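**Q** Those protein sequences? They're chains B and L, same order as listed.
Residues in the first sequence are numbered from 1 upward in steps of one, following the numbering used here.
Residues in the second sequence are numbered from 1 upward in steps of one, following the numbering used here.
None of these hints come from the bench; they were simulated from the model.
Misleading hints may appear alongside valid ones.
[Claimed, not checked] Just the calculated beta-carbon pair ranges, DEER-fashion: (1) L:Pro231 with B:Gly139: 38 to 44 angstroms; (2) B:Gly139 with L:Asp265: 34 to 40 angstroms; (3) L:Glu87 with B:Arg326: 48 to 54 angstroms; (4) B:Glu261 with L:Gln59: 52 to 58 angstroms; (5) L:Ala184 with B:Pro113: 44 to 50 angstroms; (6) L:Arg281 with B:Thr247: 20 to 26 angstroms; (7) B:Pro254 with L:Arg16: 34 to 40 angstroms; (8) L:Glu87 with B:Pro264: 40 to 46 angstroms; (9) B:Glu208 with L:Ala200: 26 to 32 angstroms.
Just so you know, these numbers come straight off a predicted model, no measurement behind them.
The beta carbon of each residue, even a glycine, is placed where N, CA and C say it ideally should be.
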Amino acid sequence: MNGPALELVCPAGTPAALRAAVDAGAHTVYCGFADETNARNFPGLNFSRDEMAAGAAYAHRAGSKLLVAINTFPRAGAEAIWHHAVADARAAGADAVILADLGLLAYAAEHQPGLRRHLSVQAAAANADAIMFYAETFGVKRVVLPRVLSVEEIAAINRDIDVETEVFVFGGLCVMAEGRCSLSSYATGRSPNMNGACSPASHVVYTEEQGELVSRLGNFTIHKVPKDAPAPYPTLCKGCFSAGGQTGHVFEDPISLDAAELIPRLAKAGVTALKIEGRQRSRAYVSAVVKSFRRATDAIAAGRPVPVSELAHLTEGQSSTLGAYRKAWR
Amino acid sequence: MRLTLGPMLYNWPADRWSDFYARIADEAPVDRVIIGEVVCSKRLPFYQNQIPEAVERLQRGGKEVVLASLGLVTLPRERKMLAELAESGLPVEVNDLTMLRYLAPGTHFTVGPLVNVYNEGTLGFLAGRGATTVCLPPELSFASVAALAAAGAQLGIEIEVWAFGRVPLAISGRCYHARLAGLAKDSCQFVCDADPDGLAVETLDGQPFLAVNGVQTVSDCWANLAGDLAPLSEAGVGSLRLSPHTGDMTEVARLFRAAADFRIDPDEAIAGLAALAPERRFSNGFLFAQAGAEWTH
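Using the sequences provided together with the hints, build the complete structure.
**A** This is the structure we're talking about:
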């Protein structure tokens, strides 16, 4: 028996990555404008208005869809920047916008009612009531679920709602409820919610001290490793700290999510779309990950077992985790 | 400016919890008290039966009482908790938008600092749904606070800021107290009860940084806006939130009352707060669009 068709939603931080994702078989690609309106606001990344329009045309010619993430929280006194982004996404030909802020959802529902609205993971709608609140109030058609739920909970949510769900299956992993974390701004003054960047590179300093490579974020040491060992990027919640007489990764190990083996169960749980994190990644990475996951979704659609072994190498030697999908993670 | 005592964020034994609210009811010069569980639904049964008595005593003490709702709602029994809160007959503080689905249309409510209110559009939406007071996210700068206070004045919403206490920075599906004890959240043995102000997290240099409080992560520093009340008042901020901690919270409230009435100057207020717990570090960096851990005075 064939399984349900799962939509593969793939990241693109640049026009080249967008073309690579589409060519590799992405059903859908998501992007952001090159400003503070999206949650991957990194130097050299993201799309101008013209690039977005060209990207939408490229995706559409291949039968793929384009989503535009406008998923930071507009700054008081400057909401027009975010309002323009919604209008410009529509003008570029986006199939949907991915939003998190209540005020921006209200604006989009009122001023761009024909533009499909998805709820960003940054809104952290973690149960059926919250999801139905967004669906009923703003006409949201799809919700990206926060990475705090187990597969069983996702299945239960899907039984109680009548909108689509999208879940992360690969890439970076927030251990905190997304969109509800100010750890980065406590250390640096810049946060995902306000500035679209967590643990920004502009506030990272590496120094060598007594034979060790020390990485600091703002005024705080996040890691120390022997000077010839590979130094992980100092993402705050993946840092090494001391608490309660222990030293280690208090919040989470420097690890990334790989839920490939759970794809059949996620399909059974009623999930519509699988999301790959990584708009900051290279086009080679995007291409390789998309190809592998496309083989997995094709296998599900054809009723064949998922070729798990092909996906393992993509964590590039890093440790991977099933995250909250496995209940004991908590 | 009014004073609001925020909800108890930490896991205190039930008797200590009751004694705390009895003293607040009888002695603390606060206008409003938010009471109930925000952080972890597993903690509530320990003191749930003592809430009615505390509410009654606080009301006898002339305080407006608001019931807190949970900050991260995932489980069916947690949704049931919200449904029961909506039926309580008391005003409710919304800490997760899930709560909005349980409040009957036209019901007035307050909004806590874990809800993302960053701009006028969001404030306007919440005003339309019945919000009367909104405590802003602690990471907002003065420019945003002022813009939202101005918008709040137009909308009839009182704007509150996080003025004292360790700052709630994140909430997770994972319990860090349990993780540190080598336990899972579902069998946590309530190890968080050993840390009535949270468990200190230090950097590898031994520098105090954060504190864990079950599924919540808070700042090491105690936010302290006692030196910044004149500009906040001028901007139209209507209320200051004081977050419960160990030590003399009644005296904390008295010092903030005096500072907010400009009966004592900022130096005196800060010196008084420092004298109550000299080992605590203060911060107000968020207000100045700096790292939140910074302290400018």
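**Q** Does each hint fit the structure? Answer for all of them.
**A** These are the hints, each one checked on the structure:
no.	hint	in the structure
1	L:Pro231 with B:Gly139: 38 to 44 angstroms	holds (40 angstroms)
2	B:Gly139 with L:Asp265: 34 to 40 angstroms	violated (53 angstroms)
3	L:Glu87 with B:Arg326: 48 to 54 angstroms	violated (36 angstroms)
4	B:Glu261 with L:Gln59: 52 to 58 angstroms	holds (55 angstroms)
5	L:Ala184 with B:Pro113: 44 to 50 angstroms	holds (45 angstroms)
6	L:Arg281 with B:Thr247: 20 to 26 angstroms	holds (21 angstroms)
7	B:Pro254 with L:Arg16: 34 to 40 angstroms	holds (38 angstroms)
8	L:Glu87 with B:Pro264: 40 to 46 angstroms	holds (41 angstroms)
9	B:Glu208 with L:Ala200: 26 to 32 angstroms	holds (28 angstroms)
The structure fails to meet hints 2 and 3 from the earlier list, while all remaining hints are met.
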